[in-house]
Every structure is written in structure tokens, then in C-alpha cells.
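J.: Protein chains in written order, with my numbering: chain P, 1 to 403; chain A, 1 to 292; chain W, 1 to 235.
Careful, some of the hints might be misleading.
[To be verified] Which chain A residues face chain P? A few, computed with CB under 10 angstroms, are given here:
#1 Tyr90
#2 Ser117
#3 Thr124
#4 Pro130
#5 Trp133
#6 Gly140
#7 Thr223
#8 Phe233
#9 Asn266
#10 Ser287
#11 Leu289
#12 Thr291
[Said to hold, decoys possible] Chain A regions said to be covered by chain W (calculated; three or more residues, Cβ under 8 angstroms):
#13 177 to 185
#14 190 to 203
#15 269 to 282
Rather than coming from a laboratory, the hints here were simulated on the basis of the structure.
The model shown is predicted, which means the values in this text are computed figures rather than measured ones.
Note that beta-carbon positions come from the ideal geometry of N, C-alpha and C, so glycine has one too.
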Amino acid sequence: MPPSPRARRALALALALAVVAGGVLPAAAQPRGEPVKIGWISELSGTWAFFGATCFDAAKIAEEEINARGGVLGRPIAVLPQDNRTDPAQAVAAARVLDSQDKVLTLSGPTSSDTALAVYGYAEQNKVPFVVPVAAFPRLTRPGTQWTFRVEPDAVGWGYAIVKFVEKQKPGGTLGLIYSDYALQRAITAGIKHQAERSKIQVVSDIVFPQGATDATVQAAQLKTRNPDYVVVIGGGAFDVTITNQLLDVGFRPAQFIHPFGTVKQILGWGARSVGSYYGTFFDHSLANLNDYARGLIEKFKARKGYIPAYIENFCYSTVYLIKEAVEKAGSTDRTKFRDALRAIDTKEITTGIPIVFDKNGARKEYMYFMQIQEVGKDTYRSREAFYIEWDPEVIPVYQLAP
Amino acid sequence: MDALLLIGLSVVTTGLITGAIFALVAAGVTIVYGAIWLPNAANGQFFMLGGLLVWSLVTGWGMSPLLAAALVVAASVPFALVLEKGLIRYFYDVPDRNIVYLVVTLGLAQIFAGIFSSTYGRWTDNYSLPAAWPGIVMIGPFPFPKTRLLVLSIALGLLAGLFVFLRLHRVGRALRAVFQNREAAALRGVNVRGIYRFAFVLGTLVVFAGGTLFAMAYSFDLTAAWSMAIVAFAIMIVGGPGSVLGSVVIGLVFGFTQAIVSVFANPTIATFSYLVAMLVILLVKPSGLFTR
Amino acid sequence: MLSVREVTVRYGPFLALDGVSLEVGRGEIVGLIGPNGAGKSTLLRALAGLVTPAAGSIALRGRPLAGVEAFRRVGLGMALVPEGRGLFPHMSVEENLLMGAYAVRDRARVRENFERVWALFPVLADRRRQLAGTLSGGQQQMLAIGAGLMSNPEICLFDEPSMGLAPIVIGEIAEGLHRLREAGLTVLLAEQNAKLASDVASRIYILQTGRIRYHDIPENLLRNPEVVEGFLSVY
Ligand SMILES: Nc1ncnc2c1ncn2[C@@H]1O[C@H](COP(=O)(O)OP(=O)(O)OP(=O)(O)O)[C@@H](O)[C@H]1O
Ligand SMILES: [Mg+2]
Chain P
1 MPPSPRARRA LALALALAVV AGGVLPAAAQ PRGEPVKIGW ISELSGTWAF
51 FGATCFDAAK IAEEEINARG GVLGRPIAVL PQDNRTDPAQ AVAAARVLDS
101 QDKVLTLSGP TSSDTALAVY GYAEQNKVPF VVPVAAFPRL TRPGTQWTFR
151 VEPDAVGWGY AIVKFVEKQK PGGTLGLIYS DYALQRAITA GIKHQAERSK
201 IQVVSDIVFP QGATDATVQA AQLKTRNPDY VVVIGGGAFD VTITNQLLDV
251 GFRPAQFIHP FGTVKQILGW GARSVGSYYG TFFDHSLANL NDYARGLIEK
301 FKARKGYIPA YIENFCYSTV YLIKEAVEKA GSTDRTKFRD ALRAIDTKEI
351 TTGIPIVFDK NGARKEYMYF MQIQEVGKDT YRSREAFYIE WDPEVIPVYQ
401 LAP
Chain A
1 MDALLLIGLS VVTTGLITGA IFALVAAGVT IVYGAIWLPN AANGQFFMLG
51 GLLVWSLVTG WGMSPLLAAA LVVAASVPFA LVLEKGLIRY FYDVPDRNIV
101 YLVVTLGLAQ IFAGIFSSTY GRWTDNYSLP AAWPGIVMIG PFPFPKTRLL
151 VLSIALGLLA GLFVFLRLHR VGRALRAVFQ NREAAALRGV NVRGIYRFAF
201 VLGTLVVFAG GTLFAMAYSF DLTAAWSMAI VAFAIMIVGG PGSVLGSVVI
251 GLVFGFTQAI VSVFANPTIA TFSYLVAMLV ILLVKPSGLF TR
Chain W
1 MLSVREVTVR YGPFLALDGV SLEVGRGEIV GLIGPNGAGK STLLRALAGL
51 VTPAAGSIAL RGRPLAGVEA FRRVGLGMAL VPEGRGLFPH MSVEENLLMG
101 AYAVRDRARV RENFERVWAL FPVLADRRRQ LAGTLSGGQQ QMLAIGAGLM
151 SNPEICLFDE PSMGLAPIVI GEIAEGLHRL REAGLTVLLA EQNAKLASDV
201 ASRIYILQTG RIRYHDIPEN LLRNPEVVEG FLSVY
């Protein structure tokens, strides 16, 4: 269950907005002096608003920390938000404003592949650096990419990692896929299906739901009759929780579940019934030996937002730090120099110490954790690391598997 | 054998529960349309509002889902009255008011969608309630969550109540009289504008009830609003605008169509199979299956 | 009982009624005849409150009806059986009659009224579960009259009950009207069928292009060659 104060605040905010019958968006940060500007194009409303809003909150924490410690090149850093309303056209419009009016150094911020791809087009065409914090569609780093760098591993690669995990858990095991028809889900399952053959894992069923589906009872019963060792569940939005519950209802055990990714809200949504289930992630507050930055992010974020951050927040937070480091390496705010600094960068993610190196297409050296849920409370959970894997972005032909 | 039974029972329960919720929402929409000629394009948002408010009460105040649902359904009455008084009634006498209402309610839908996406949408993309009645009952080999049994019973109970009310109660009969011939109803002593207001409140209440039950049975996100709005209109058209019986029958037909097709085809075909059912029925009987 | 003074009704620029005055006394059946478009329906609709007169006054038992909405006039004792019958086609005969008694809250009275209607038109009793839309034209007219009577009206306004009916069925309707007169009901009967009107009415108003042209007892009107020539030729 999501924690109470948030729900209450959501209602209060809804009522307040209902009164004025309009949307109020956060005002842009007011930079002083000659700030180094990051154009943050984000999903502050629309269907991905939850991802966008939580990501932006984490980016703001990084901005404050950096400025409190003297900024970058002696100048403040400024994260300038633009709401793309989860709409690609709006995202392009926002990119144009940030590029030509605000004259930002770099674009960043999208958390959905659709909006990120829209900004990608603008960035590549207009030679504006673009650092993607959270968007997993491979095409964002397709061969020939010049100006875009992606911090999150690509989704086809996740599929590779999932099969590697199953291979370790149960060599020669069977796998059922049940997911919603979104580009992200298609990309993950393409990776799974490709790698499964090579890893001798048999995919016994492949059930795709259209967007907007609400019930999976019949499919859960069908899947139960096939009884695979593991089920990969990737519903879109809230349908993810519905599928999970309905699979549990028909008798699947939690330890048979592999969720490719787990945001905090998702894990809390799966609830105590899912203790024992596995999920993939790139950062988790339950990881052992977190450093001071990671702990600081977790505490500040929790104090500010009432819930704990996970991989989305971490990517957005560490993306701002990555940009800062690249500016320092470039020694200036020239866009080309900044881009070249990113290309050459060989550093560690500020919160996890995991390497950040980009290949010629701007894809990061990839990695993934698999966590097993140990405990789910009302507004927090605990899990333990079950598997960790790193791989090269093109270990499997990701750009062909998700064209 | 057990596998067959398992799948068979999953079809029956799924058909019933999705069908009953479809039927409730469509009944609410058809009551309003039949009486006022108001095709409420915001019905999906009303449905969503019901679900979101229950979610807030349960997760924010720790209320039990059933109590929260009852409160939200009760709150839909003043909500509908305010809307009626502040907006809806000004168009009662407009010629071609169904088009005017479509535009007005599309506007309302946009406003609500905007409010939801910039408030609730920023907190999560996943609204789930704890079980209203925890546990599972076994129907043969098929495990059925008690909460869904509860939701199903309430939905069917509400539909039966609505049906009896429209058939046997004086006001219910007056409502049907207004559906059929509003001038004749006035000549019988029926306050037609009063019935319009009543129909708007009743229809809204029923849509809210559908939303709260949906929220108890499923995890949901903001996208459910539009898909429900479209399904409700489709059911209303096929069932015969203004016919509550039509909504109930076609709602169940749509629910079962989806569930049955799911067994033989992939979920995408299943989810849209009701559209095929709709086309077939409309080709056979363009005016809708049932009358008012 | 009913008194109409100088009532004028306009539909936009069109003057449908031009200063019409008439009186209906208690227990009387009064006929209102006139050719197509004379304004008969308009007058009855103005009485029932469905159209608002531009000028003039209407009073029921001395009480002015200006500003009283149509649905409230039913409670005051006025029942209009409109042109086109005003039935609910997808409701049964019984439900239509129940709707007729919508304004009557006393159940015993409703039951009594049912008995009266069944007695007046026995054919309806046989078809009480049949949908009104599936009745024959004559049966529908009987049901319309029956539904009008269900509200215990002091005065009934009938708009062309003979319309579209075969002579033999018109005879049955006339029979019913006679019985209502015997029962002491007050009626204003609009008709094109002058034979029916002069058969049951004690006085007749002749309406033409929105004005009352003649007003007399049927016998006198039948003796007036101008009237017979102009309005009663069907007779
Ligand atoms: N709603 C309206 N708008 C404009 N004109 C109307 C309207 N209703 C009636 N009229 C006109 O008013 C005049 C009187 O109509 P009304 O229906 O009262 O006649 P009537 O005597 O009942 O005729 P009939 O015997 O054909 O029923 C007609 O010329 C008609 O065209
Ligand atoms: Mg007429």
C-alpha cells in the first residue's frame, strides 16, 4: 500500500486544483549569476507523470547539493524543467524552447521512451547534447548516434539479464511471459526470447495484453495449466499489480515471479503477498554497502516526498552529477567539448560506484541487479540481492531485436 | 479435466465480474441519456473519480474499502446536484441538446483528466486497494478471491435493485415515462425537469458505484477512464439508448465475449472482441436490441 | 368550471389564437369544432399549460392558471388527452393507466379508478399486460381516454379522439363519452368530426383561423345554413 500522507496530499491537491479548475506546475528554478543550464524535459503530467515527477524531484536534490558545494566551474548549476505532458510533440516543443531561448548546455529528463525518442530526434538534428536518465528503448543509442548518451541500460539487454538469471537459478528451466503491449515490454521480451534459445531455457507461453486491459484471470488459469518454473510479469501501469495478484490467486508461488523492474510504488503495490518474488533493478535502498551519496539521496528524498527512492530517482540524481563531472572535464560550457567529454568519460556512478562508460553510440556499459523481496510494509519494503550481472551493450543484437 | 474446469470457471467468473461492472457503468450512462439526451462523455472520469476517492480514503485515512466505497457513492449525490444546478440544467431546453451536451461533457472530461494527471498522476501510476474481504474461496478447482465475490454480489445486487426500482416504483416508472414521451409524462403530472435532475443524480451515482467496485476488484490507473467511457457508450448503443435492461444484457454479453474469446485467442483479440459483437448486433438491429 | 378570456397565442409571428373566449360549466360536455389548422389543439394545449398564451386569462374553478406549469395543472383537476394520444408505447396497458394516476397518491382511489376504466372500456381489461404500442388505434384511443380519467380530473380535454378511426370505432368512443356525461364529468371536446361533437355536446363553439365564429346549441347550429355549409358539411 502506498503510504498515507501522500494519498492525503494527493487528494488535497486534487481538491485545490478542482477549485481553480486548472493545472499548476512547479515554477522554474531561478538561477543566479551565470548558471550552467540543464534543460529538463520531463513527464510532469500525463500518463507517465509519476515517473517524470519523481525523477525531477531527485534531480532537484542533486542540483541543490552541487550548488551547496560550490557548483560547477565556480558557477551554479540549474535544472530547468519543462513539462512534456507525456506527449512526444510537446517534448520536441520543449526541446526547442530550452535550446533556442534558454540556451541550455544539454538536454535531459525524459523518463519514457516515446518522449525521449522525440527529444533524441531534435538533439541529433540540432547538435544539442542529450543525456537520457531513464528510458530503455534501444533505438535511443542506435548506431550513428552522435549527441545522445543513455544512463539506463537498454530493455533488450534486460531480457538478456533475466534469462541469465533463470539459467543460474534453474538450468534448463521453463519460462512463461505475460505482459502488456508496450514498446518497452516488447523490447524486454524480444531479448528474453533471443537469449532463451541460447541458454536452453524454454519459453512455454507468451501472452500479450493490449494496452488498457484490466483482467487476466482466464490467462492466469491458462498459464497455470502450463506451469512454468518462472513467470516474467510486465503489466502496463496498474495492470501489473492486477496480473500479479491474479497469478497468485490461481496458485503461483511468489518465488516463481520475475518482474523485470521494480519501482517503489510497484513493489508496495504487489504487497506482502509477493514476498519471495524477484525483480530486476539498477538501484535499491536494500542493497548492501550503500555509500554516503546513496544514503543522503535516500534520506533527503524520503524526508521530502514521504517515500523511498529507487532506480528511477537514482538515475535522475546521478545523471545531474554525471553532467557536472563532464562539464568539469570539458572545462567549459561549449556543447561540442561537453559532448566529447561525455564520450571519453570513464567514471563511477556517484551512488553505486558502478562504472559509467559509453560506447561509440552513447550506450552505457550495462548491468542489472535481481532482488528478492523479503518484507513489504505499508510504506517501505526490504529485499536482498540475489544476482548481479554486467554486460556489453551489444552482447546480443539489441538494435535488430527492437528496431 | 481439472485444467478444463479451471479455465471454464475462470471464464465464468471473469465474464460475470467484468460484465457486471460494464453493465453498471452503462446503466448509469443510459439512464442519463434516456432521460435528458445527455451523452455523458465524462462518465469515464466520473468512474475514475469514484475509484480515486475510495483509494484516497483507504490509503490516506485507513478506512475500510467498503465503508470508503459507501461514503464515495453517497458523496456522488451532492456532486451530481452541484453539477446539475451549476451547469447541466441550463441546456435542458436547447434544441439539439445532445450535441451541446456532448461538447460540454467532453470539456468536463478534459478538465477532470487534467486535474487527475497533475495531482494523482504525479503520485503513482498504480492505485491498489487492500482486499475488502481477504482470503480465497475454492469453487471446485478454481480459487476465487473473496473480495471479487463481494464485488460481484454488490454489482449484481445494485443492478437488480435498479431494475426493480425502474419497473415497480412510482418514480422509476415516471423516469421511464419521460424516456418514452416527455410531453405525455408532463400531462400525467410528472415534473419533467425534476425527473431530469433525478436521472442525472441517479445515473452519476450508479457510475460512481461502478468505479468504486472496479477499484475494489482491480488495480487501476488513470487510463481506465477513457476505455471505460468508450465501452459504456458502446454498450448503451447496442443495448438500446435508454434501456437499462439492454445495458445489463449487453454488459454481460461483452464481459462474457471477452472472457470466452480469451480462451481461444490472444488477449488483444479478446479485449476488442466486443467491438465485433457490437458491429454484428448493430447490423442485425440498428436501433439497439432493447427499447426503453 | 373553466373560463377562458380573450386568449391569444402566437407561434413566432404567426397568430394561432386571436382573443378566444369560452366557458365550460360543471357537468357539461362542450364541443369545439373547426377545420384543420383552426387552432383547436393550440387552445387545448394552452389550457393544459403546454403553450403559454401571449395574452388573455384562463381560470379553473375561479383560480387563474397563469404561470402554473403543465404538470401542476393535473393536480388541480385538469386532464388533457392530446392529439396523438400521449401514450407510453413500451409500457403495458396497466402501466399506462398507473402513469395516468401518477398524481393520485391514495391507493384505494387508484384501484377504484381502475375499476371505472375497466367498466368503461372492457376491452382494455382483457389486454392489461399488452404493450400500448401494439394496441389497435381504437384501443389506443380508449386507453388514452382511460389514462386521462385515472387522475380523477374535474375537467377532461379531449383532442380529436375520432382521428384516424373507423366509423364503428368512433361509435364506441361516442358511447363512452355518453357514459362519461351521465357520470357527470365535465368535458371540452375538440373535434373535426362535427357529427360526434353534436351528438355528445350540449353546446358547441366553432373555431376558424384562431377565432370563435359561432357558439350555440347543436340544434340551432344545424339549422343555420351558413354553418352547415361552412363547417358541418360532413354531417
Ligand atoms: N409549434 C408550432 N409552431 C408554429 N406553428 C404552429 C405550431 N403548432 C401549430 N401551429 C400552427 O397553428 C395553427 C393551429 O394549429 P392547431 O394544431 O392548433 O390546429 P388544429 O385546429 O388542431 O388542426 P387539426 O384539426 O389539423 O389538428 C396551424 O396553422 C399550425 O400550423
Ligand atoms: Mg389539432
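J.: Please go over all the hints and tell whether each is borne out by the structure.
T.: Evaluated hints:
Here the hint on Tyr90(A) is broken, as its CB sits about 17 angstroms from the closest CB of chain P, past 10 angstroms. Annotation: Ser117(A) was flagged as interfacial toward chain P, and the flag holds, the nearest CB pair being 5 angstroms apart, inside 10 angstroms. The interface hint given for Thr124(A) holds, since its Cβ lies 4 angstroms from the closest Cβ of chain P, which is under the 10 angstroms cut-off. Annotation: Pro130(A) was flagged as interfacial toward chain P, and the flag holds, the nearest CB pair being 6 angstroms apart, inside 10 angstroms.
Checking Trp133(A) against chain P by beta carbon gives a least distance of about 14 angstroms; that is not within 10 angstroms, so the hint is violated. At a threshold of 10 angstroms, the smallest CB-CB gap from Gly140(A) to chain P is about 12 angstroms, leaving the interface hint violated. Below 10 angstroms, beta-carbon pairs count as interface contacts, and Thr223(A) has one with chain P at about 6 angstroms; its hint therefore holds. Of the supplied interface hints, the one on Phe233(A) is violated, with its beta-carbon coming no nearer than about 15 angstroms to a beta-carbon of chain P, more than 10 angstroms.
For Asn266(A), the interface hint holds, since its Cβ comes within 10 angstroms of a Cβ in chain P; the closest pair sits about 6 angstroms apart. Against a cut-off of 10 angstroms between C-beta atoms, the interface hint on Ser287(A) is violated, since the closest Cβ of chain P lies about 29 angstroms away. At about 24 angstroms, the closest approach between the beta carbon of Leu289(A) and any beta carbon in chain P exceeds 10 angstroms, and the interface hint on this residue is violated. Because the closest C-beta pair between Thr291(A) and chain P is about 30 angstroms apart, greater than 10 angstroms, the hint is violated.
Check result for the segment 177 to 185 of chain A against chain W: holds, 6 residues qualifying (beta carbon to beta carbon below 8 angstroms, three or more required). Coverage of a stretch by a chain is defined here by at least three residues with a beta carbon nearer than 8 angstroms to that chain's beta carbons; for the segment 190 to 203 of chain A and chain W the count is 3, and the condition holds. With 0 residues having a beta carbon nearer than 8 angstroms to a beta carbon of chain W, the segment 269 to 282 of chain A misses the requirement of three or more and the stated coverage is violated.
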